[in-house]
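Use the sequences and the hints to build the structure in full.
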Amino acid sequence: MTTRTVAALALAGLLAAPAWAEDAEERLLVNDEIEITLRAPAPEHLDGALPEIVSGWVYRSPETQDLQRDDFDNPGILYVDQAREVWNAALGSEGKSCASCHDDPESMRGVRPVYPKWDEAKGELQSLEMQINECLTDQMGAEAWGWDSDDMKNMTALLASVSRGMPIDVAIDGPVQDIWERGREMYYTRYGQLELSCASCHEQNYGNLIRADHLSQGHTNGFPVYRFSTTALVSQHNRFRGCIRDTRAETFAIGSDDLLALELYVASRGNGLSVEGPAVRH
Amino acid sequence: MTRFALILALAAPLPVLAGEIGPHAVTYDEYGAIEEPLTDRPGDPEAGVVVMTTRGDGNCIACHRVAALEEYPFHGEVGPPLDGVAAYRSAAELRGIVANAKQMFPGTVMPAFYKSEGFTRPGDGFTGEAATEPLPPLLTAQQIEDVVAFLMTLTE
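If you read the protein sequences in the order shown, they are chains A and B. Take the position in the first sequence, starting the count at 1, then add 1097; the result is the number in our numbering. Take the position in the second sequence, starting the count at 1, then add 4; the result is the number in our numbering.
What the hints contain is simulated information worked out from the structure, not anything from laboratory work. Some hints here could point you the wrong way.
Across the chosen pairs, the derived CB separations fall in these ranges [what the hints assert, rightly or not]:
1. 1351/A / 71/B: 39 to 47 Å
2. 136/B / 1274/A: 31 to 39 Å
3. 1218/A / 34/B: 56 to 64 Å
4. 1143/A / 40/B: 40 to 48 Å
5. 136/B / 1149/A: 36 to 44 Å
Where a beta carbon is used, it is the ideal one built from N, C-alpha and C, also for glycine.
Right under this line is the structure:
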């Protein structure tokens, strides 16, 4: 822990009066400057399925929550820093770096909230992973990164980090409407021998314990997340796969059209929550 | 416990043992209860405790609080607490609920523990790989009877 946080913690301890302790718990102000929206009105397209949308951070233990308050304590930021180096490194046959065309990573502020997003030129829905690979192969003459590779997770963490605090705002109509509807259908399908849908846990039972786990609404605004269980960054598709596998079901492949459709739909349920990535989870 | 383990081992290759009613042959009444025990052998409440608290088996406490099982950690809140359940439910009702709770509570989140087909993308346990139906039900007929025997001890 840094001296800065120790000092901050000591201060908080001294000042922690019961009167505002509760509110303070519910507040996430990253690095004392980025206000995170932890609760927001449910998007209209949810048709009242949730009274409000709530960040997964709210359901974690105070110890885990605290690690997200300051970049010095957030283990995910280590990977963001690694991505910053890659950002400036020439990769591929064109001798270009990301920085050659995009200046500094901060120029990407506002990108993460709107992904996955329709790519007009390619006529397809693109996740951030797909867009990054498009730049690598088409613009830089480099090899594509694996969807779940360290390079890719680090880069999506960097792109998330520069948009922290901005509201998730994916489009669900126009050319993506069919894909979004496919994602919604998946969300409510009771997969596997346990016959559980995403909604069984994250819509009907958020706030409840399932075994030792406090169920959240299963939003993706914190992704990629740093997880203690794997001591690594975890991508959205990897998380989806794990949740589906746990219903004793045949999962879907990472990077598949199915999980991409689910990614769009789940993102849209969180429209209005802040980008938090890389968030910290157990 | 060795006896219990032995029965499990025996049950695996033979989905339906002599003196057992298989998942297809079970009859639920109009309320979702099952009158007839699924096996000839009476349920063993102690074996029922193992099923209730083991992750790969019933894992009932993942969703239910049971004060009598306090020594086993991490009880969930997805379903109602089961304390005193035998005071208001008969063995037939409990058997029906454990075998397939959807018969009594349509659309319930509670999994069906004695069902072998009709799943969407069934997997091979927790591997994430595909499995071909019919699957062995989540619990054997004897395990269902053991769980019911344990639940019947929850009178208060």
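message: Tell me the hint numbers this structure goes against, listed in increasing order.
response: none
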